Amino acid sequence: MKILLCGVLLLIITSCQEQAAKPKTNSSTTIEKKTSPVATITEIKVKDDFIYPIITFADKAKEDKINTYLINSTLGDEFKLSTLTAQLTEQSKQTQGLSSLSYKVLVNMPTLLSISISSCWTGARENCGEGQYNFDLTTGYNFTLDQVINPSKWNNIIQLVCNDAKKRLVDAKADAKKELGNSWHEKDMLNLTYEGQWKDEYNKLQYCGIEVGKNFKLTEDGMSFYFCQMGFLPMSIRELMPNDEYFYPWSTLKPFLTSSSPISSLIK
7 MKILLCGVLL LIITSCQEQA AKPKTNSSTT IEKKTSPVAT ITEIKVKDDF IYPIITFADK
67 AKEDKINTYL INSTLGDEFK LSTLTAQLTE QSKQTQGLSS LSYKVLVNMP TLLSISISSC
127 WTGARENCGE GQYNFDLTTG YNFTLDQVIN PSKWNNIIQL VCNDAKKRLV DAKADAKKEL
187 GNSWHEKDML NLTYEGQWKD EYNKLQYCGI EVGKNFKLTE DGMSFYFCQM GFLPMSIREL
247 MPNDEYFYPW STLKPFLTSS SPISSLIK
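Be aware that the sequence shown starts at 7, since it is given in the numbering used here, and climbs by one per residue.
Hints in this document: simulated from the structure, not taken from any laboratory.
Quantities reported herein were computed from a predicted structural model and do not represent experimental measurements.
All C-beta atoms in this analysis are idealised placements derived from N, C-alpha and C, irrespective of residue type, glycine included.
Honestly, I wouldn't trust all of these hints.
Below 30 Å or equal to it, Euclidean Cα-Cα: the simulated DSSO-like pairs (lysine-lysine) are [said to hold, decoys possible]: (1) 66 to 53; (2) 179 to 223; (3) 110 to 179; (4) 193 to 159; (5) 172 to 184; (6) 159 to 205; (7) 99 to 53; (8) 183 to 172; (9) 159 to 223; (10) 159 to 183; (11) 66 to 159; (12) 193 to 179; (13) 184 to 205; (14) 173 to 205; (15) 66 to 110; (16) 110 to 51; (17) 193 to 172; (18) 110 to 99; (19) 183 to 210; (20) 66 to 223; (21) 159 to 184; (22) 183 to 173; (23) 173 to 184.
Here are the in silico distance ranges between beta carbons for each label pair [claimed, not checked]: (24) 177 to 270: 34 to 40 Å; (25) 92 to 44: 27 to 33 Å; (26) 133 to 99: 17 to 23 Å.
Construct the complete structure from the given sequences, taking the supplied hints into account.
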């Protein structure tokens, strides 16, 4: 009898332990699955040089906000997300208007998406351009440079660009004279016509009296700023003009970043 009683008691204890191990649920309880908001890119591909990116991720409201912003910024508010495939297909058939589209994903991480979109237009609004867009995926908003670089440190960025631009300017002039060789006419043009423009550019850099644009490009390794110098070389060697993109690694930029920067996940 004792053995039977002990066996029943053991079964009761085991059953109670199993019940305690199970999570309690009722009709009003739901289990929420949280998904990291890493963006997925879906392409609208009309042809090889006519491709547009659609951003998708976990939060539909923020997804729509990002896509609407990109469409308005790159294509214009006459284009709508709901009819974009049909509109782009129709545009590709026209002799004027949007003639090419392409994109490049620069950074795609949890909480952060950086993408560039290039477009060319023909006809009345003929031009080609590239836009850089940087989104905080926790908010769905495109963030600006002032949210990344501490405004009080902006002069430090200008100084960085200024020092590098000065070196590029000197190197470009030396390369130009080397490239011209015995082409005395072109060399005279460089010495006379373009020398004044070169000196003007150099003087600006001596005192860092320059304007560095607030456009920027993010990568996982650092950030690029842009400063365009005036043409001071003959057309025949204009390709020797200094590059207008100035890249700096995070190790250099870290002291100048805001304390709550949207790009904190990139900083190594």
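Going down the list of hints, with the structure as the test:
Restraint check for residue 66 and residue 53: satisfied, since their Cα atoms lie roughly 28 Å apart, inside the 30 Å limit. Distance hint between residue 179 and residue 223 is fulfilled; the C-alpha atoms sit about 27 Å from each other, no more than 30 Å. With a CA separation close to 33 Å, the supplied pair residue 110 and residue 179 exceeds the 30 Å bound. Distance check on the hinted pair: residue 193 and residue 159 sit about 41 Å apart at the alpha-carbon level, beyond 30 Å; violated.
Simply put, residue 172 and residue 184 have alpha-carbon atoms about 19 Å apart, close enough for the 30 Å limit, and the pair holds. Distance restraint check for residue 159 and residue 205: the Cα-Cα separation of roughly 28 Å lies within the 30 Å cut-off, and the hinted pair is therefore satisfied. Distance hint between residue 99 and residue 53 is fulfilled; the C-alpha atoms sit about 11 Å from each other, no more than 30 Å. For a cut-off of 30 Å, the pair hint linking residue 183 to residue 172 stands: about 17 Å separates their Cα positions.
The straight-line distance between the Cα atoms of residue 159 and residue 223 is roughly 18 Å, inside the 30 Å bound, and the hint therefore holds. Note on residue 159 and residue 183: the hinted pairing is violated, with a Cα-Cα distance of about 37 Å set against a maximum of 30 Å. Using a Cα cut-off of 30 Å, the hinted pair residue 66 and residue 159 is violated, with the two alpha carbons roughly 36 Å apart. A hinted pair counts as satisfied when its Cα atoms are at most 30 Å apart, and residue 193 with residue 179 qualifies at roughly 11 Å.
Using a Cα cut-off of 30 Å, the hinted pair residue 184 and residue 205 holds, with the two alpha carbons roughly 19 Å apart. Note on residue 173 and residue 205: the hinted pairing holds, with a Cα-Cα distance of about 14 Å set against a maximum of 30 Å. Distance restraint check for residue 66 and residue 110: the Cα-Cα separation of roughly 22 Å lies within the 30 Å cut-off, and the hinted pair is therefore satisfied. A distance of roughly 14 Å separates the Cα atoms of residue 110 and residue 51; the hinted pair therefore holds under the 30 Å criterion.
For the proposed pair residue 193 and residue 172, the alpha carbon gap of about 22 Å is at most 30 Å, so the pair holds. A C-alpha spacing of about 24 Å is found between residue 110 and residue 99, which places the hinted pair at or below 30 Å, so the restraint holds. Of the pairs offered as hints, the one joining residue 183 and residue 210 holds, with about 22 Å between alpha carbons and a cut-off of 30 Å not exceeded. Taking the CA atoms of residue 66 and residue 223, the gap is near 26 Å; set against the 30 Å cutoff, the hint holds.
The straight-line distance between the Cα atoms of residue 159 and residue 184 is roughly 39 Å, outside the 30 Å bound, and the hint therefore fails. For the suggested pair residue 183 and residue 173, the alpha carbons sit about 16 Å apart, so the restraint of at most 30 Å is met. Distance check on the hinted pair: residue 173 and residue 184 sit about 17 Å apart at the alpha-carbon level, within 30 Å; holds. Taken as a hint, the range 34 to 40 Å holds for the pair residue 177 and residue 270, whose Cβ atoms sit roughly 35 Å apart.
Between residue 92 and residue 44, the C-beta spacing of about 29 Å keeps the proposed range 27 to 33 Å intact. As the Cβ distance of residue 133 to residue 99 is approximately 21 Å, the hint placing it in 17 to 23 Å holds.
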